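Novice: Line order of the protein sequences matches chains A and B.
Quick note on numbering: full-length UniProt numbering labels position 267 of the first sequence as 267, and the sequence is numbered without any gaps.
Quick note on numbering: full-length UniProt numbering labels position 258 of the second sequence as 258, and the sequence is numbered without any gaps.
In case anyone wonders, no lab produced these hints; they're calculated from the structure.
Since the model is a prediction, treat every value here as computed from it, not as a measurement.
Where is the CB? At the ideal position from N, CA and C, for every residue including glycine.
Warning: the hint list may mix true and false statements.
The calculated lysine-lysine pairs, modelled on BS3-like cross-linking and capped at a C-alpha distance of 30 Å, are [as the list claims (entries may be wrong)]:
1. B:K235 x B:K129
2. A:K129 x B:K39
3. A:K184 x B:K396
4. A:K189 x B:K396
5. B:K123 x A:K422
6. A:K129 x B:K68
7. A:K330 x A:K90
8. B:K68 x A:K189
9. A:K422 x B:K422
Stretch by stretch, here's where chain B covers chain A in the computed footprint (C-beta under 8 Å, at least three residues) [stated by the list, open to error]:
10. 37–44
11. 63–77
12. 187–198
There are 2 protein chains.
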Amino acid sequence: MNIPETSLPRIVIIGGGFAGLAVAKGLEKKDVQVVLIDKHNYHTFQPLLYQVATGGLEPDSIAFPLRKIFNNLEDYYFRLAEVHQVLPHKNEIETSIGNLTYDHLVIATGSATNFFGSENIEKYTMEMKSVPQSLNIRSLIIENFEEALLTSDLAERNALMNFVIVGGGPTGVELAGALAEMKKGILPKDYPDLDIRQMQINLIQGSDRLLDAMSKKASKRAEDFLTRLGVDIWKNLYVNDYDGKTVHTNNDKTFEAATVIWAAGVTGELINGLDAEALIERAGRIKVDAHNLVVGSDNIYAIGDVASMSSEEYPHGHPMMARPAIQQGKLLAKNLLATLKGKKLKPFKYNDKGSMATIGRNKAVVDLPNFKFQGFFAWFVWMFVHLFSLIGFRNKVIVFMNWVYNYIRFDRETRLIIRPFKNKNKYSFRDEDA
Amino acid sequence: MNIPETSLPRIVIIGGGFAGLAVAKGLEKKDVQVVLIDKHNYHTFQPLLYQVATGGLEPDSIAFPLRKIFNNLEDYYFRLAEVHQVLPHKNEIETSIGNLTYDHLVIATGSATNFFGSENIEKYTMEMKSVPQSLNIRSLIIENFEEALLTSDLAERNALMNFVIVGGGPTGVELAGALAEMKKGILPKDYPDLDIRQMQINLIQGSDRLLDAMSKKASKRAEDFLTRLGVDIWKNLYVNDYDGKTVHTNNDKTFEAATVIWAAGVTGELINGLDAEALIERAGRIKVDAHNLVVGSDNIYAIGDVASMSSEEYPHGHPMMARPAIQQGKLLAKNLLATLKGKKLKPFKYNDKGSMATIGRNKAVVDLPNFKFQGFFAWFVWMFVHLFSLIGFRNKVIVFMNWVYNYIRFDRETRLIIRPFKNKNKYSFRDEDA
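Pulled out of the complex, with its shape left as it was, chain A reads as follows (with noise of 0.2 Å):
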C-alpha cells in the first residue's frame, strides 16, 4: 500500500464515516501516523440522501472529498480500498490493494441495510444507504413517471406510480414526506398527461407508530402531516416478500407496486477475521468494552454504527445513528493518545442531545431532553443543525441556495436521469413485451 514505516505508532481507521472521521480529526498534529481507509473516496452526509433520491439536492453537495480533510497534514495517508479482513494475530488487514500493519486499528465501517435473510428483498428493493443509491432511486422514480405515460393499462399504470416505503424511522418518514411533495408540487407539471392523483405513497411500519425512537406528540404529529401531504400510513404491518411486483406482508394485505424502498433496518458492516466471541449475531455489531476497545482485543477498537456497547441505559447498544458515532470518535482519538502515554483511559457516556426529523415544507419534528416541539420552528431548526453539520464550506452555501430556490419556487430542480437505473430485476411492462 506504500505507506512509508516510520518510528510514530500506526493508527489505521476503516472508514470515513461521522465516527472514522471524527477520530481522524482527534488525532491531527499529534505523534501517530494515521492511515484512513474507505471505499469512496468521499465522506458521505448520510443525513441527507433523501434529498438527493428526490431531485432537490445535486449529490456533490452532500459528498466531500477525504483527501481534502487531510491537506496539509503530515504522517496522515487516504488509501481508496476495501478491507477484505482483519489478521488480529499478525495486526495486520487484508485489502483490496495490499496488507498493512498496524499498531492500533479502528473499525469504523457504520452499518448496511439489513433485509432480515429475505434474498427476494435484498433483489427487487432500493437501498438508500450510499450516493450512488440514492442516484438510482432518483433515476427510477422518473423512468417509472416516463413510462407510466406510456401504458393504457390502468394497472400497470398505478402499479408505476405506487410508491411504497417499508420503514416508518427518520430515513422512511423523511422519503415518504419528499416524496409526497414532488408529488404536490412537481409531478402535476411535468407529467400534465397523467393523472397524479393516482400517485400512492404508501408507508410501512412494523411497530404501532412512526419515529418509534422519538417521543410520542412527535410520531404522532410526523403522522399528522403525512397524512395530511397525502401518505397513506400502514402500522402494525410487516413486509414478508416482495417479487418485484406485489409486496406481501403478515396479514392479507398486498400492494402492487414497481418501487419499493427498504428503509426497514439496518446492521452492522462487520469486516472478517474477528473473534467470534466478539461478535453479536442479531443485530451484526461488534461487542466492544466502555472505550470501544474490542472485546477479547487489546488494540482492535469499534466505533460507531457497528459498534455495540453496553450499558445500564443502553443494554443493547446505542442508537445507530451519527451523534453516538461523533462522540465515540472524539473520545477515541483522546483515549488512543492516552494509551500510547500510559494515561488512564475516560470511559464513553453518550450525551444525547435529542433527535429530530423532517417531514417537509415547514414541517418537522424536534425532541429536545427538555423541550418537544413540532412545526415551522421545529423545521428551521432542522435545516440549521443540518446545514451546519455538513462538511466543506462549499457544500454548506450550495446546499443553502438550493433549499431557498427549492423553498421559494415550490421546486426540486436536480430530477435528472444523469445514469439510467438498469436492472434486469426492474418491473417494466415495455421490457416483458420485446
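Place chain B on chain A using the hints.
Specialist: Just chain B now, with coordinates in the frame of chain A:
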C-alpha cells in the same frame, strides 16, 4: 407513444440540445402540437462539460430537466426515447417506445465523437460529449492518481500520470488548461506522497496551431498560456492508434499514457431512413437548403450540428457550435409557422458574433468580428457569456457560486468518484497482476 391526435399540425423535434430547444421555444403558444424527443430527460450545456470532467462543477448544474421547460404549456409533449429511424414515405418515426406520425419533422440530433473509423481509438479513448462521459473522465483521473500512489514501478506511475488530449480545438484547449490547474493547485495537496511534477499533459493538434478556427493572435496567446501552465503542445501531429497503453502517431513520437481523451473531431449524429442524396459522407451531416429543409424532402428539417447548409461564406456548412444551432432553431420556428400559414420563408444567414475559449484562471481568448482580446478581460467576458447562456436560474446561481468559490480558494471540490469508471480495457497494473 400516447400522444393525442388533435386537429393541430404535429411538429416532432428530435433532440433537446441548443438547436432543438430553440425551435421548441419559438413554437410556444402557437397553433401547433409540439413533441420533443430526447434520449436524456435533460438539456446538456456542453460548453461546460470540461469543468464537470475536472471537478470544478457538479453535473446537475449544467443540466436542465427538459420537462420543466414545457411546464404550463398546452399541446407540448416530451418523450424520453431513442429514435431508431425515419420512415419518410409514411411521415412516421420509429422509436424505442413505439412509432409516431408527424406533419413536420425537425432533426436536431447534434453531433457525435468522430473516431475516424478506428476501432481501437473508439474502444480505448475517453470522449466528452455528455454528462455521463464527463463523469467517467472525472472518475478516471482520480482513479489513476489513486493507483499511481500504489506502484513503485516508475514507468507505470508515469503512464498513470500522463494525460494525452487529442485535438486542439476549444474542447481540447479548455480541458488541457483545467487539468493543468488541477496539477498546479489541487493534486500536490491531495497527493503529497506523489511527485506531481511528473504529471504530463500533452495536447496534440493535427494542424499547425491550436484553436485554428480562431484568429492567429488568439492561437498564439492560447499556446503561450498553456505552455506557461505546463502543457506540452504537439502541433502537426496525428494520432493513428492507441491500444490502451501506447499512443502511436504519424511520426516516431509515441506516448505511454493511461488516459487519452479524444477531442479530435465530431460528426453529425445521423438517424437512419433518410434518402442517400441527403447525406454527406465525409462529415456525417445532412444536406439542407437555406430554410434547413432536408434535400429531397418537403417536411423534414435538419438544424444545428447535424445539418450542413452550403453557402458562399460556408461552403462546407456552418461551424458545429452552439451559436449557429440556436440561430437556425429560432429561424426554423418562424419558417415553420410561415409554412403553415402559406407565407414566404426567410433564408438563413449566420450572424457570426465571434468565438472564445478559456484556458484557465484569468486567461481566455476572445475573437469578436472587430475586436480581438486576450487575458483577464477576455476571461471575464467568457464567464459572463457562459453564465448568461446557462438554462435555469438555479443553475446560474450554483455555477456562479462554484466559480467564486473555486476562484477564491484555488480549489475544485467535486473531485469525487461517485461511480467508478469500470472498463475492462482500462489500463491497470493491478488488474493484470490479478
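Novice: Look at each hint and say if it fits the structure.
Specialist: Checked hints:
1. For the suggested pair K235 (chain B) and K129 (chain B), the alpha carbons sit about 24 Å apart, so the restraint of at most 30 Å is met.
2. Taking the CA atoms of K129 (chain A) and K39 (chain B), the gap is about 28 Å. The hint holds against a cut of 30 Å.
3. Taking the CA atoms of K184 (chain A) and K396 (chain B), the gap is about 26 Å. The hint holds against a cut of 30 Å.
4. Of the supplied pair hints, the one linking K189 (chain A) and K396 (chain B) holds, its CA atoms being roughly 22 Å apart against a limit of 30 Å.
5. Only pairs whose Cα atoms come within 30 Å are accepted, and K123 (chain B) paired with K422 (chain A) is accepted, the gap being roughly 22 Å.
6. At roughly 29 Å between alpha-carbon atoms, K129 (chain A) and K68 (chain B) fall within 30 Å of each other, so this suggested pair holds.
7. For the suggested pair K330 (chain A) and K90 (chain A), the alpha carbons sit about 27 Å apart, so the restraint of at most 30 Å is met.
8. Restraint check for K68 (chain B) and K189 (chain A): satisfied, since their Cα atoms lie roughly 8 Å apart, inside the 30 Å limit.
9. For the hint linking K422 (chain A) to K422 (chain B), the alpha-carbon distance of about 16 Å falls within 30 Å, and the restraint holds.
10. For the stretch 37–44 of chain A, the stated coverage by chain B is satisfied: 3 residues place a CB nearer than 8 Å to a CB of that chain, which reaches the threshold of 3.
11. Here the stretch 63–77 of chain A counts 8 residues with a CB under 8 Å from a CB of chain B, which clears the bar of 3, and the coverage holds.
12. Remark: the stretch 187–198 of chain A is confirmed as covered by chain B, as 4 of its residues place a Cβ nearer than 8 Å to a Cβ of that chain, reaching the required three.
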